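Enquirer: Given the coordinates of chain A, work out where chain B should sit on it, guided by the hints.
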Amino acid sequence: MPVPVPGFLSQTAVRGTVYGTLLNHRDALAALGDAVHQPPYKAPPRAPVLYIKPRNTWVGDGDAVHVPAGVDALEIGATLGLVIGRTACRVSAGQALSHLAGYAIVVDISVPHGSFYRPSLRFKARDTFCPIGPVVPADRLLDPDALGIEVAIDGSLAHRAGTAGLVRSCARLLADVSEFMTLFPGDVLSVGVAAGAPLARAGQRVRVSIGGLGRIENPLLAERAAA
Amino acid sequence: MKHARVAWAGAVHEAVEHPQGLKLADGRVLAEDQVVWLPPLQPGTILALGLNYAEHAKELAKELSAGTQDEPLVFLKSPGTLIGHRGFTRRPADAAFMHYECELAVVVGRSARNVRRADAMAHVAGYTVANDYAVRDYLENWYRPNLRVKNRDGGTVLGPWFVDAADVPDPHALALRTFVNGRLTQQGNTADMVNDIPALIEYLSAFMTLQPGDLILTGTPDGVVNVNVGDEVVTEIDGIGRLHNTLVGDDSFGR
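Chains as they are written, first to last, in the working numbering: chain A, 1 to 227; chain B, 228 to 482.
Just chain A, same shape as in the assembly (with noise of 0.2 Å):
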C-alpha cells in the first residue's frame, strides 16, 4: 500500500522503518551534564534512546532539504546507519552484524530544540529532514565502530566526529534493540549522533563524508510558502 511521493527519495535499499538513537555518544551524554539527573529526566537513560524517522522524510544524495519559515538553521546530525539484510530478533551482540546488509550515511535533521523529554514531531518528523545515502556492503566495511564522521557546510570543515566514542558499540545496540522490536530487512538503525551537531541554512550546502561509505551532499532551500 506504501506509494512513493514524487520528489522523495527512492533510490536507496530504504524501505523498511529508519529508527534514530539519541545519546548514544559519550560526548552528546557528558554534554548533558547533570541535567540528566533533573526533571523532568531524572535518571540517565537506561534503555537506547529511539525515535522514528518516518517516510515522508527520507530523500537521497543531492536532494533538497526544506527549511521552514521562521526557522534560521537546521540542526545536521550526521551518523552512521546500519541497514538490516537479515530479520533480527533477538540476536546477540556477537551475531548481530551479520544481520546487516550494509552501511549507509544518515543525516538526521531536526528543528533546533532543547528538550529532550518528548520532543514535537515538527522538529524531526518534517518532509526532507532524512537525506539517506546509498548503501555499502557490509563485507566492504571493516570496523563500524572506528569510522570517522564529517560535516562540512558550503564546502568548510564543520564538524568532526566518529563511532569510536559510542555508549553502545554498534553491535550492542543492534542487539539490545532487538531484544523488544524485530528489525526487518530494509529498515535502518542509525547509532546516534555526536554533541555539537552544526547548524546550516536556507541556501547553504551540507556535505557528510563517513570513512569508507564515501559522502553524500544536500542543499537546503527556504520551504515554499503554504499554497
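Derived by calculation from the structure, the hints in this document are not laboratory data. Certain hints may be false.
Each pair of labels, with its calculated beta carbon distance range [said to hold, decoys possible]:
(1) B/ASN408 to A/ASP27: 48 to 54 Å
(2) A/PRO185 to B/ARG344: 36 to 42 Å
(3) B/ASN408 to A/ASP72: 53 to 59 Å
Computed far set for chain A versus chain B, every beta-carbon distance over 10 Å [what the hints assert, rightly or not]:
(4) LYS42
(5) GLY62
(6) LEU199
All figures in this text were calculated on a predicted structure; none of them were measured in a lab. Every residue, glycine too, gets a C-beta built ideally from N, C-alpha and C.
Expert: Chain B in isolation, oriented as in the chain A frame:
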C-alpha cells in the same frame, strides 16, 4: 464495506464481512474462528496520539514530569508492532503495570499537505480499531513515550476490519469500550477527543506529507487498568469492530 486480511488454507487473502463470518475474494465463505486474522492493512507511517482524551490525561498526571500540552502529543510506531485480531501479546514477567488502550484508528486515503480543517475529512479512507498496549514499567523520560513502552513486537493489535469512511457517518460519535475477561473496564466516546480528526490532519499536514496508507491512532479515554497473563482483552468501537487479544507469558517465547 468491511474489509479484512486473513491467512487461511496456506495463503493470505483479502476478505469482506459476510453474515456467516467472512467471504474471501475468491468466493469462499468462512467462520470468524476458522481463519488467522492479520492487521487489515499494511500501513505506511503509523502516528499515535498521547493524552488525546482529557480524562485519560488526568489519570496519568502523576507520572508526567514536565510541561503542559500546547499542541497534540504525537509519536511514531513501526509496522513490526502490529498484530491482528485474535492474536497473542506477550506480557513481560518483570512488569508490574501493562495496560491496553482502545483507540479509533484513522487510515489516510489521499496525500495530504497543508490541508485545512474544512477539507480534512476528504483525506480519510476509513477506520479500524487499535489496542495500543503500553508497558509502563519501561517508561523513561527520554523521547517519551519510548519505543520499549509503546513499540514492542506484537504490542499494537489492529482490526478486525478496515471500514470504509463512507460507512461511518460520524466518526466523532462512536462509543469505545474495553472488556477484560468479559468485565467492562474502559468506556468512552470519540466525541471527547481533545483534538478531533480534522484537527489532527490539519496539524500534521502542516509539517509532513500524509500519504495513502498512513495510520493515525487517535488516543484512548480513561479507564486503563493492569492486565495479566491469560487475560482476554476485547476493545470495541461501535460500527467499527470488536477486537480480541490474549496476553501470554514469557514462557511462550522461551524466555
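Enquirer: Hints first: check each against the structure and report whether it holds.
Expert: Results of checking the hints against the structure:
1. B/ASN408 to A/ASP27: 48 to 54 Å: holds, 51 Å
2. A/PRO185 to B/ARG344: 36 to 42 Å: Between A/PRO185 and B/ARG344, where Cβ atoms are some 39 Å apart, the hint holds.
3. B/ASN408 to A/ASP72: 53 to 59 Å: Since B/ASN408 and A/ASP72 have Cβ atoms about 55 Å apart, the given range 53 to 59 Å holds.
4. LYS42: violated, 6 Å
5. GLY62: Non-interface label on A/GLY62 holds, nearest chain B Cβ at 20 Å vs cutoff 10 Å.
6. LEU199: holds, 19 Å
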